[in-house]
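Q: Taken in order, these protein sequences are the chains called G and U. With the first letter of the first sequence counted as 1, position 165 gets the number 165 in this note's numbering; the numbers rise by one all the way through. With the first letter of the second sequence counted as 1, position 70 gets the number 70 in this note's numbering; the numbers rise by one all the way through.
Since the hints were made in silico from the structure, they are not lab data. Careful: at least some of the hints might be erroneous.
Straight line, CA to CA, 25 Å or less: simulated PhoX-like cross-link-like pairs of lysine-lysine [as the list claims (entries may be wrong)]:
1. LYS72/G - LYS152/U
2. LYS198/U - LYS50/U
3. LYS105/U - LYS72/G
4. LYS36/G - LYS263/G
5. LYS138/U - LYS196/U
6. LYS249/U - LYS198/U
7. LYS232/U - LYS244/U
8. LYS221/U - LYS232/U
9. LYS138/U - LYS72/G
Note that the structure is predicted; figures quoted are calculated from it, not measured.
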Amino acid sequence: MKKHPGLFLHGGFMAKNVSQKKVDIDIGDGAAIPTKDDKGLVSAWRLSFIGAVAAFLYLIIFHQEPYLRIVKFIPDGVLVTFEVTFASISLALVIGLITGLGRISSNKYINLVASTYVEVVRGIPLLVQLFYLYYALGQFVLVPDILAAILAMSFCYGAYMGEVFRAGIEAIDPGQSEASMSLGFNSRQTMFYVILPQALRTILPPVGNEFIALLKDTSLVSILAVSDLLRRGREFASESFMYFETYTMIAIVYLIITLILSKLVGMMEERMGSYGQR
Amino acid sequence: MFKKIALIVLAATLAFSFTICPLQAEAKEVVITFATDATWPPMEFVDANKNIVGFSIDYMTAAGKEAGFTPKFMAVAWDGIFAGLDVTKYDAISSSVSITEERKKVMDFSEPYFQVRQALIVEKDSTVKDLKELVGKKVGSQISTTGTFAVKAVDGVISKTYDEVGLAIEDLYNGRIAAVVCDDPVAANYALQNDKYKSALKISAVIEGGEAEYYGIAVKKGNQEVLDLINKGIQAVKAKGLDKEFQKKWIGQ
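Kindly generate the complete structure, drawing on both the sequences and the hints.
A: Here it is, written out as structure tokens:
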């Protein structure tokens, strides 16, 4: 088992509280994460995964025309999808951490700024934000299309991440910071050496979940003329007129990617869950 | 409690009446539903009053009057407009569809009603006169239009496709791409008439792709009945010289 970075304060007077606290951060639009506790979902995961891979192989082997042609057309789109996803999630994590800290800040101005950012971003559909950042910002600063997409995605997901960080931090027992303070740490040290490392355990699973949600949402960037997986599919479909075949393939590819990722997140969740709680 | 129920009932009634509104009783006369991607000024676009207007709208309305059918226009996004024809969501497409060999394989076309060529739009101070000069640069066009085909036909030019030609023009205006290729009346509308763009953009060349392109009305393969009606209308409009009028009204040449 991996050891946690940072300190975990074992004080007799608080250990009971810590071990009892069951934290569950549930965020809406990610994938269904198969964990050991949820037997139904695990078999559903197996069924979908085997089904998707079987369908994929069946189509490209026995119906080479047009499916093989479609599969050969989309790899660079898959790459762009991953590029946008990884870059956005990394940036969103940074924005999220800052926002999360801002949201629990006792400084009322910082708190207001962070809270307003979350409020505004959560109130605007991602599609509208993408259009806005791409075309409205284009009037003032010129950013390349992929970068514009990444900025817009991370700007939006940064707000969601902020909420995840906030919830994760707030879920840590106040006794932890009290103990830390009593040991002579100042509030900054308390946050970074004591609270955050522990919060990471509850934060990481929803972050993984958000990662999957973000990967799916990157399909929206296809409207920005970014050649992601969906756009490659649309280009193929509208030139070959094989809409059904193309979107079948695109859906299967998305599904396979998300299923693999949700399995990974599920595995991570189990590891995190077993630490210090059982 | 009663108040709550009354409110819910009221809301449900309202929602219901809104959804039922568009489903009007069917008229006796022949109605042909045309799908149109109304983002292609001056051929078909949405005016300030949210009506779908333009050259081809006038054309088909006149054709309907001549041949005895009532055209109904339906705004449909270009990307996927041919798919809707296949599953008969509408009877025909009147959306500046150029007649190409590939398209002819999967749909039937009326006789041509308008001739276009592909125009190259660049920034005003650009010296580019030919697509071949743009090797290694990004050139925009609306997804799977004949403009895209023209861009892809030149090796080394990076094709960038947009959902709407207007978005491509905006990206050119903002400097993200080097040029846009689209049908010449549309190019003229943006680069010569549009207040925002006419001072920044110009049409630098008309791409000679060998043959001229013709717009036709697309119908589902084998839908002879609708095709005959439309053809009858187009012929009558041409015979009366109405098409020249529309051209003057919308395109100005």
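Q: None of the hints should be skipped; say for each whether it holds.
A: Now for the hints, and whether the structure bears them out:
1. For the given pair, LYS72/G sits about 18 Å from LYS152/U by alpha-carbon distance, which is consistent with the 25 Å threshold.
2. With a CA separation close to 24 Å, the supplied pair LYS198/U and LYS50/U stays within the 25 Å bound.
3. With a C-alpha separation of about 23 Å, the suggested pairing of LYS105/U with LYS72/G holds against the 25 Å cut-off.
4. For the hint pairing LYS36/G with LYS263/G, the CA-to-CA distance comes to about 11 Å; that is within 25 Å, so the pair holds.
5. Pair hint LYS138/U plus LYS196/U holds up; C-alpha atoms about 22 Å apart against a cutoff of 25 Å.
6. Restraint check: the Cα-Cα separation between LYS249/U and LYS198/U comes to about 20 Å, which is no more than 25 Å; the hinted pair holds.
7. Note on LYS232/U and LYS244/U: the hinted pairing holds, with a Cα-Cα distance of about 18 Å set against a maximum of 25 Å.
8. With a CA separation close to 18 Å, the supplied pair LYS221/U and LYS232/U stays within the 25 Å bound.
9. Restraint check: the Cα-Cα separation between LYS138/U and LYS72/G comes to about 23 Å, which is no more than 25 Å; the hinted pair holds.
In summary, this structure violates none of the numbered hints.
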